[in-house]
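Undergrad: Quick note, the sequences are listed as chains A and B, same order. Final position of the first sequence in the numbering used here is 221; the numbers increase by one with none missing. Final position of the second sequence in the numbering used here is 788; the numbers increase by one with none missing.
No lab work stands behind these hints, which were simulated from the structure alone. Predicted model, so just to flag it, every value in this text is computed and none were measured. Accuracy of the hints is not assured; some may be wrong.
As the list claims (entries may be wrong) - Over 10 Å on every C-beta distance to chain B, these chain A residues come out as not near it, computed from the model: (1) 74; (2) 112; (3) 121; (4) 126; (5) 143; (6) 145; (7) 146; (8) 162; (9) 184; (10) 188; (11) 199; (12) 201; (13) 208.
To be verified - One side of the interface only, derived from the structure: several residues of chain A facing chain B at Cβ under 10 Å: (14) 168; (15) 171; (16) 175.
Glycine included, C-beta positions come from ideal geometry on N, C-alpha and C.
If you want the building blocks of each chain, they are given just below.
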Amino acid sequence: MYDHAKPSEPTINPDVSRRDLFRIVGTTLLSAELLSAQDVKDAHAAMAMPSPVTASNVKSLNGGPNYIPKHFNQHHFKTMRHLGDLIMPADATSPAASEAGAAEFIDFLCSRNEDLAAIFDGGLAWLDEFTIHKYGTDFLTSKPAEQTAVLDLAYGTRGGSPETAGGAQFFMWARNMVVDAYYTSPVGVKDIGYMGNTAMSSFSVPQEAADYALKRSPFGS
Amino acid sequence: MLQVQRAPVVHDVVVIGSGAGGGTTVKVLTDLGINVTLLEAGPMLEPMKDFKEHVWPWEVNHRGSGDHAESYFGKQQWSYWNAPNGYWDVPGEPYSIAAGEEFRWFRSRILGGRTNHYGRISLRFSDYDFKPQAFDGLGFDWPVTYDEMSPWYDKAEEFIGVTGTQEGIRSAPDGKFLPPIAPRVHEMLVQRAGKKLNIPVIPSRMAMLTKSIHGRAACHYCGQCGRGCHTASAFTSSQAMIFPAMKTGKLNIITGAMARELIVNDEGKISAVSYIDKATRTEKQIRARAVVVAASACESARLLLNSKSTKFPNGLANGSGVVGRYLTDTVGYSLGGAVPALENMPRHNCDGIGGMHVYVPWWELDKKNKDFPRGYHIEIGGGFGMPQLGSFRGAAANVGYGAGIKAAARQQYGTNVSFSGRGEMIPNEFSYCEIDNAKVDQWGIPVLKFHWQSQPYEIKMVQHMHDTFTAMIEAMGGRVTNRAFDPAANISKGGQIIHEAGTVRMGDDPKKSALNKWSQAHEVDNLVVADAAPFNGNPDKNVTLTIVANAWRAAEHLADEMKKGNV
């Protein structure tokens, strides 16, 4: 029933990039020309060429040490970057949130939306004040154990502790946006294992994946 | 002083609207050598610029939230990634709703209309859908039978390209199908759950090309049909019908043209179309031998109702008073489940075609003692989708903070399976639209006022959906993830499923219908309506394929009548 023709390797002119082919095909469509058989082949070849950015060809979105924040002051930016790495630290398989450009993402959107800026400016200020009152130093320069203690209060129970209630909205936004930034970055896409956004000549599912799920299901096979 | 610009040229046919109905009309008429002028209220579509196909989230600084973080504040109209498609709120184009009632009116202002973004689920109406009164005494019979419509469905399917298999199920008539597409892993589980519960789960019928046809490349299975397809492998009226028609030299497109009124002469025929040229905010008139209105069900009714004259004091073609009446949408309800069997499944690319590879046609047609009439089909969602903003917030919230977030996200990814019921709404007296004489839009055109009432059987149908979806999820070993269930609260709102139909209905009796069986107005023979407005019902089989088939039929009939000199 699902008998697709075996995919043939598309032949690609090495001098034509995927985007160029896109343009050829797209222009053809836009100018209301019908595609010839060769055009149709080219369209497939174009789509089958590696995307300009793939998970195996990832560029860091980390702005690096010389990043100039668009909205935050340097201290707030560094605090946000560090907080992001505590929310999503590196593990054995993937790097921390800073590699996904989480702070840069938040900084960019704060520069575009004053309601968001108010949440993060106020929240980061609250975080420093809270840490200073508790440990005598701002969040960024406090000891790792002290930082962890603050985050345990903020994130340990849903909605946070009464002690951190003043920062509750900020903590929720910070986590949501750090997590969002992570999984919309090359490192996050690689970590979660999304393998699409490319072109296939035919569609099929690997047998091992089907077997894996069916064996674990109530159906057994 | 402002003056109305009237051009002396008489156009053969003026088509108003460029979606499924307008696009089909344009294609059919230009193929037959007839000159067509197409009015579109929105701009020209430019796929290479407008479609964000294959763009990764990180290729834009805002990653899809909108340039000003709109999605974070509920201010984004639709996903940033979607093809240009319109929304329920159009700036400067309000509408009214009767006190205490709810309705949302989706408008699309772009060449191709809603076909640029729609789900492309392409289901034939069945024999009983055309003769519902004969079937169970409810609703209104169409002036056509399934057998009369079937050849037009053939043409529609063969042209737009629809996947599917021959199944022999009465509620889901077979058609001229392209090869089906293999099921994804979660869809295999749904198939097995269906087998256990005696519910048919069959290959989906979708307007994506599993083979190259009509100069359109076969699908490359990126799953991004909703973003718009650069290779036109997913059907749109803009790319598959209108762009090729431009090549014929028979088509003249006027964009930014908001139709205001159809003007009749002393003989009671339409002589001209009045429209607002949005760029200059001036009224223009073009003369026409015939007019095909395909502006979407409610917009078409609005145009007729706003075309009042001494000859037609209730609006054009509205001697029967049915224009605007019997407005329907689809009864919708969705439920999701988390399925542990899918946890940590070996990763693979399951993008496929945008949307489901299998679906459930209505399976209890012959069951007695149901507490609702007719039925619904089920659409299936799930798989390893491209991560987006919001995809893993829930997993993170369960963990708190730290390395556990990634572990939870990895485990949860791809385990959600969703079920959406799309049920039949039978036309009722209380759901309709009319002109609100006290309000105009920014173009000075009187707006619509909506009346909407859900009927008790619709709530019962939603209960049946919920019970079925729950049983399916549990059969897969999963658990329901949605909120507490309340059918009256969880049923879709009127207009939300974007399947409006029925507002300029067809029929054999001019006292009870506005159009004849060819979608031609009883009272004005150079007027044809070619969207879902002519529908006499709104079965559980999304409207677009039937819009294309019926518009095709109406356009060929109009061409015949023009050839014979009758129009």
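Undergrad: A separate judgement is required for each hint: does it hold in the structure or not?
TA: Taking the hints in turn, this is what the structure says about them:
With 10 Å as the threshold on Cβ separation, the claim that residue 74(A) sits away from chain B holds: the shortest Cβ distance comes to roughly 20 Å. Separation of residue 112(A) from chain B is inadequate, the least Cβ-Cβ distance of about 5 Å not exceeding the 10 Å criterion. Every C-beta of chain B lies more than 10 Å from that of residue 121(A), the closest at about 14 Å, which supports listing it as non-interface. A cut-off of 10 Å between C-beta atoms confirms that residue 126(A) is not in contact with chain B; the least separation is 17 Å.
Distance check for residue 143(A) against chain B: the nearest CB is about 17 Å away, which clears 10 Å, and the non-interface claim stands. With a closest Cβ-Cβ approach of about 14 Å to chain B, residue 145(A) is found to remain outside the 10 Å limit, as its non-interface label requires. Its beta-carbon lying about 15 Å from the closest one in chain B, residue 146(A) satisfies the requirement of being farther than 10 Å from that chain. No Cβ of chain B comes within 10 Å of the Cβ of residue 162(A); the nearest lies about 17 Å off, and the non-interface call holds.
Distance check on residue 184(A): its Cβ comes as close as 4 Å (rounded) to a Cβ of chain B, failing to clear the 10 Å threshold; non-interface status is violated. Separation of residue 188(A) from chain B is inadequate, the least Cβ-Cβ distance of about 6 Å not exceeding the 10 Å criterion. At roughly 4 Å, the least C-beta separation between residue 199(A) and chain B is not larger than 10 Å, which violates its mark as non-interface. Once the 10 Å rule is applied to beta carbons, residue 201(A) is inconsistent with being away from chain B; the minimum gap is 8 Å.
A cut-off of 10 Å between C-beta atoms contradicts the statement that residue 208(A) is not in contact with chain B; the least separation is 5 Å. The restraint placing residue 168(A) at the interface with chain B is violated, with a minimum CB-CB distance near 13 Å, outside the 10 Å limit. Interface hint status for residue 171(A): upheld, as the beta-carbon distance to the closest one in chain B is roughly 9 Å, under 10 Å. Evaluation of the residue 175(A) hint against chain B yields a held restraint, the C-beta minimum of about 6 Å falling below 10 Å.
Of the numbered hints stated above, those contradicted by the structure are hints 2, 9, 10, 11, 12, 13 and 14, listed in ascending order.
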